[in-house]
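Colleague: Whenever a hint applies, use it, and build me the whole structure from the sequences.
Residues per chain are reported as follows:
Number of protein chains: 2
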Amino acid sequence: MKADPFKNNLGYMLRRASTASMARLAEQFATLELRPTEASVLLVIEANPRIRQSEVGRMLAIRSANMAPLVARLDDRQLIEREPVDGRSHGLRLSPAGETLVAQIKSEIEAHEKAIHDVIPTGQEEAFTKIAKAIWKTMEG
Amino acid sequence: MKADPFKNNLGYMLRRASTASMARLAEQFATLELRPTEASVLLVIEANPRIRQSEVGRMLAIRSANMAPLVARLDDRQLIEREPVDGRSHGLRLSPAGETLVAQIKSEIEAHEKAIHDVIPTGQEEAFTKIAKAIWKTMEG
DNA sequence: AGAAAAAGCTATACGACATAGCAATTGGTC
DNA sequence: GACCAATTGCTATGTCGTATAGCTTTTTCT
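Top to bottom, those sequences are chains A and B.
Numbered according to the working numbering, the first sequence spans residues 19 to 159.
Numbered according to the working numbering, the second sequence spans residues 19 to 159.
Where hints are given, some of them may not hold.
If chains are identical, the list can't say which one is meant, so a pair holds when it fits in one copy or spans any two.
Straight-line Cα separation of at most 20 Å, EDC-like style, residue types lysine to aspartate or glutamate; simulated pairs [stated by the list, open to error]: (1) K155 to E73; (2) K155 to E99; (3) K155 to E143; (4) K151 to E101; (5) K151 to E131; (6) K132 to E51; (7) K155 to E51; (8) K148 to E131.
Source of the hints: derived by calculation from the structure; they are not laboratory data.
No experiment lies behind these values; they were computed from the predicted model shown.
Modeller: This is the structure in structure tokens:
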């Protein structure tokens, strides 16, 4: 047996947990021909009809340079519709096909969340989530 | 203010926490001209002198196809040395320069761990780490 | 009116990870 | 001992998320 220098290393556990969990989620979304990032964009649009893509990018930490082709793909697939808000920006909203897809996304995410919850000792889910959020907010920026 | 569909979403918080924390760690390592993955490989080698790179890959979940160029870089920089173990594999160990660098890596990681710990309510660090590890082990494979 | 900021975009690069396929060596089984 | 399967290390290549640089057009502020 080899010595593990990352035993009980908080940052390392966080990374492996996130990677493993995202890999599994990506598999789920593959059946919808969606990547996790695309799914997250669709969810934000659904929750905020007519949102500008710059705003979506700020919420999800996706730069405008990366939002552009991403949104273009969703538009090409007719999952979203763009309508001008002013001369420089579009408001995004889901198309009917997008609405249908988001319903499936939500169900996949629900299953995914449940799978994670099942690993956490009862009563500690909220505390864990809060700490993860605190780490995010503290470490970013 | 926009509606956030990921409010209290465990998987999403995990991902953002991990991304933000890794980005900060990568900045720290940049001064050493090291990427986090390279640093982790050096730590495993230090903890297990003469380890084969296939074994390092298994411990860190790095495939042999990706290990090969990674280890080659470390060898080019003379941070590690390879000695034949049998006809098909090398044993890896740190060079003197590698030892020096690992000391710096450890100090960076210590600071990083402390920064995360400071965000967690006292007494909950261990529980949090344990849960992260459980999520990793459950979700992977 | 002019400068600064915001929005969307293209081109391009990097880092981590993936698959496919290959040569050489080792191990297990008949 | 011969043979097949597994292991090791490797190249080539693709994907995904993210990054910077630079550009145009439009809006906002002074």
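Colleague: Now tell me, hint by hint, if it's right for this structure.
Modeller: These are the hints, each one checked on the structure:
1. Proximity of K155 to E73 under the C-alpha cut-off of 20 Å is restricted to the intra-copy arrangement: shortest distance 18 Å within a copy versus 35 Å between copies.
2. In the homo-oligomer, the alpha carbons of K155 and E99 never lie at most 20 Å apart, since the shortest distance is 32 Å inside one protomer and 40 Å across protomers.
3. Taking the shortest Cα distances, K155 and E143 sit within 20 Å of each other both inside one copy (18 Å) and across copies (17 Å).
4. Taking the shortest Cα distances, K151 and E101 never come within 20 Å of each other, neither inside one copy (34 Å) nor across copies (45 Å).
5. Taking the shortest Cα distances, K151 and E131 sit within 20 Å of each other both inside one copy (15 Å) and across copies (16 Å).
6. Proximity of K132 and E51 under a CA criterion of 20 Å is satisfied in neither setting, with 22 Å inside one chain copy and 40 Å between copies.
7. When the C-alpha separation of K155 and E51 is checked against a cutoff of 20 Å, the pair qualifies neither within a copy, at 31 Å, nor between copies, at 26 Å.
8. In this assembly of identical chains, K148 and E131 lie within 20 Å of each other by CA distance both inside one copy and across copies; the values are 15 Å within and 18 Å between.
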